[in-house]
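Undergrad: Since chain F is already given, all that's left is putting chain G on it; use the hints.
If you're matching them up, the sequences are chains F and G in order. Position in the first sequence counted from 1, then plus 740, gives you the working numbering. Position in the second sequence counted from 1, then plus 305, gives you the working numbering.
Distance condition first, Cα-Cα at most 35 Å in a straight line; then the derived DSBU-like pairs of lysine-lysine:
| hint | chain 1 | residue 1 | chain 2 | residue 2 |
| --- | --- | --- | --- | --- |
| 1 | F | K1091 | G | K396 |
| 2 | G | K432 | F | K786 |
| 3 | F | K768 | G | K432 |
| 4 | G | K432 | G | K578 |
| 5 | G | K396 | F | K966 |
| 6 | F | K966 | G | K621 |
| 7 | F | K786 | F | K768 |
Non-contacting residues of chain F with respect to chain G, defined by C-beta distances greater than 10 Å in every case (computed):
| hint | residue |
| --- | --- |
| 8 | F750 |
| 9 | G791 |
| 10 | H792 |
| 11 | S847 |
| 12 | D928 |
| 13 | L961 |
| 14 | F963 |
| 15 | S972 |
Cβ-to-Cβ under 8 Å is the rule here; a few derived chain G residues that face chain F:
| hint | residue |
| --- | --- |
| 16 | F395 |
| 17 | V400 |
| 18 | I401 |
| 19 | N407 |
| 20 | L409 |
| 21 | E415 |
| 22 | F416 |
| 23 | I550 |
| 24 | Y595 |
| 25 | T598 |
| 26 | G606 |
| 27 | R607 |
Hints are computed from structural coordinates only; laboratory data are not their basis. Backbone N, C-alpha and C fix where the C-beta goes; we use that ideal spot for every residue, glycine too.
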Amino acid sequence: MKKHDWIPVFTVLLSLILGIVVIALLGKNPFLAYYNLLQGSGLAPKASYAGHKGMLTDFTSFLNALTPMLLASLSVLIALKAGLFNIGVSGQMLAAAFVATVLVGYSGLPAVLAKPLVVLIGIAVGALVGGLVGFLRHRFNINEVVSTIMCNYIVQYVASFFINVFFVDPVSRQSKNIGAASRLTLVDVTVGDYKMDIPLGILVAAAAVVAAVFLLGKTTLGFEIKAVGCSSRAAEYAGIRVGRTRVLAMMLSGGAAGLAGVTYYLGYFASMQPRVLASTGYDAIAVALLGNSSPIGIIFSSFLITVISKGSTYMSSTAGVQAEMASALTGIILLISACGAYVRERLDRWKENR
Amino acid sequence: MNTIIIDGLSFALPLFIMAIGGIYCERSGVTNLAIEGLQGFGAFCGALFAVCIAPCFAGNSPVPFYLAMIFAFLGGMLFSLLHAMLCIRFKANQVISGVVINILAMSLTEFMTKQINASIFKAASNKFVLGVSTRITVPGISSVPVLGAVFTNLYPFEPVIALIALIAWYVLYRTPFGLHLRACGDNPHAVDAAGIEVGKVRLVAVLVSGALSGLGGICFAYSISANFSSNIYSGYGYLAIAALIFGNWKILPTLGACLLFGFARSGGYELVKLLEMPSSYQDLVMVLPYVLTLLMLVFFGRKNHSPRALGVIYDKGAR
Chain F
741 MKKHDWIPVF TVLLSLILGI VVIALLGKNP FLAYYNLLQG SGLAPKASYA GHKGMLTDFT
801 SFLNALTPML LASLSVLIAL KAGLFNIGVS GQMLAAAFVA TVLVGYSGLP AVLAKPLVVL
861 IGIAVGALVG GLVGFLRHRF NINEVVSTIM CNYIVQYVAS FFINVFFVDP VSRQSKNIGA
921 ASRLTLVDVT VGDYKMDIPL GILVAAAAVV AAVFLLGKTT LGFEIKAVGC SSRAAEYAGI
981 RVGRTRVLAM MLSGGAAGLA GVTYYLGYFA SMQPRVLAST GYDAIAVALL GNSSPIGIIF
1041 SSFLITVISK GSTYMSSTAG VQAEMASALT GIILLISACG AYVRERLDRW KENR
Chain G
306 MNTIIIDGLS FALPLFIMAI GGIYCERSGV TNLAIEGLQG FGAFCGALFA VCIAPCFAGN
366 SPVPFYLAMI FAFLGGMLFS LLHAMLCIRF KANQVISGVV INILAMSLTE FMTKQINASI
426 FKAASNKFVL GVSTRITVPG ISSVPVLGAV FTNLYPFEPV IALIALIAWY VLYRTPFGLH
486 LRACGDNPHA VDAAGIEVGK VRLVAVLVSG ALSGLGGICF AYSISANFSS NIYSGYGYLA
546 IAALIFGNWK ILPTLGACLL FGFARSGGYE LVKLLEMPSS YQDLVMVLPY VLTLLMLVFF
606 GRKNHSPRAL GVIYDKGAR
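Isolated chain G (complex conformation):
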């Protein structure tokens, strides 16, 4: 039971932070299929930095990890500028822009990883080895039955994500900026009439999305894969999109969706282990979140409302 909660949370939270980024982006009216690429590029930047500064620190020092998180944050933001530029300035189709950014992120990071490994570290390798970050257990609370598992064996990124998620919730629902952002996704002309530049609000939203995706990416790199390689592109970004649509573009229901995905995954793995089935049965477990999403959309999809101006390029003259 405890393993399910611990593993489930460590998968659900990075997913959640990427989904929040997606919510910011999509609530402002910009479709974001680029999360997959953004998280990969963010993780690349963070991992590159961590590998470069690693010699300056002791082997088990947590400092490179925190710095890597900051750089992943910035890297994701930098790369999302591309999405913003294409969607807002160049008025490209947002779905196409997202797909192209995913392809570009994948090929660029793979190319640069190999190139940097070859020319700087003099090694023919296609990954940056990071290791798994140290885990923390909160003394006291962790001994509470069941609930205590939430505070046991935490990755250091989990409290950070929880904090950022809280801030993100507050900004989106309780500040004027959040109101403008949400209005941009539903009625950009009204926002424009109120004297606020739609393009600027959307730019900020896309940047937030990139930064949070990058953060999510480095968390996956430091927990599940323990390195940066092309394995980082195994669909977490798309799963985050599924979560946010499942969560009806609202932060709290999206948290529920992410937790569901996380626990379904870790629970399934435990079940496979418990029944002593061969590991290939894990693949059937992996199907669960996706089938669930489709089924839920079939049953509750009619109540789901995407932001009204989602994916529509803002044109001042249109009515």
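This is chain F alone, in the form it adopts within the complex:
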């Protein structure tokens, strides 16, 4: 472990303690509430289960929710390595999922064809939107923070328009459900005595993390991305084509976001809600930060954040703490982790003075 790798652990602990105080002030049992979070995520046994359900059912459902979060954080992380802020992960997710839904989701292709096609379209569309942002930055000097925010809204409203006009389900007011063949999550599979959802996307996510570790650690492109992120001037002086590297980094980031999109809308869910962007893309920014901006780190951080959000329903029904407490807790964790740089600096100074 490197010198400061434990700082995120420290910030998480601090926020969990804060959470204990808040829940206790509300007059509820904080430890029970935390244990409920674990139970709701399938990491601890519940007191009782409905028929064909068990800890394993909860756990696969948890993995199902974890997949898009992990991929979205990976997307933010890749852009961050090149010194770019991809605030548009949510938009890229929706764009990729929308195209995949329309082209494959409603097509009735057999599963063997449909599932890989969904993944490929997800990557391609995400990379296209991400690449556009990178290109605008390179060619027209438009700050990526602004262009990604604009892209988010454009994608959101355009997708919403098409969903409402062509693909709406009159009952749910969402887009029509996609066919089971193209869904990246196998729903209601019977394993032994249980019926569970099996997310195939988690395999894609694992592969993406491995690919990112390899790309950033072992390839020339990875090195160039990191060099541009550290100092674009120094990188330029060293002969790296900064603009091209930025566009490529944004394409990779968009590709990961597209993957997150298809695992979210064509896996975890089977439909899209018009006029709503998933908050995953915004949460992912902070999750990437909490994971110390390393591909391995974000596995832990997205795991933690998903436990909190996934377990919140069970917590509110059992411990009587409002489910929104979970997202507030997430917010506090992210807030404290944003101060990580300060803690680091303080520690360094303290060591120097000693």
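TA: Frame of chain F; chain G shown alone:
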């Protein structure tokens, strides 16, 4: 035509006041992506106060609305302290701080709204119902053709915003403090050398931004949504950021951008109504301001100059 002007103005002005806050913040060198969260938290404080004191007043009394505005102002300011603390004291990355504050504001207000409704008002509801504020028409001027529409069916917050905007313009461009603030965003070391504390100026700028964002938020809550709920987070804050970048970090061009957004929106809605298209076509209209912003940035972006020290953490020792 009149509806376009009336609705356009009532959307553009709250946007404008939030954008002015953003200009203060960014001209002092602190990136502010937190406007979305600040306006939501401000609106939350104002709405909470209005709901609490509502029983003391008659149903159509405007007093709770004005008090709500004051509390939204203070609430936004209070929450922006967090942004100031993170960016100035703790030297956190300003973009990350903004995003985190948005997430935190969203989750906190949602949680507290539910909790307060459950424990104080004994109702399982996730919103505070406010109603739409009464509107005023200035007699006389309002009968002038076209221009009169500006003075017709005004929300009471519109003149207030116009007044605050004037003051904000004067302070930023015509007072020593405004000069220091703008200098902090371009050359903080010079400000420091002149014996003025960069951190303090930036703190004030962030607080102003929070207060004005909160004000904008409560105006939206009292006009478009007529309640406080998580619907308040539908991107007005980000639109304000777009407006101020579009306006090249200057107050007057930003007003132009806000008016453009407002009229594009209300005009689009009218067009959809006029052509008797189904309401889902409104979504295409909603795209307009964002596409416009991107296009304008593509064509005129090179002339745009963000403050030079924007987003750079001030370090006395750096040169």
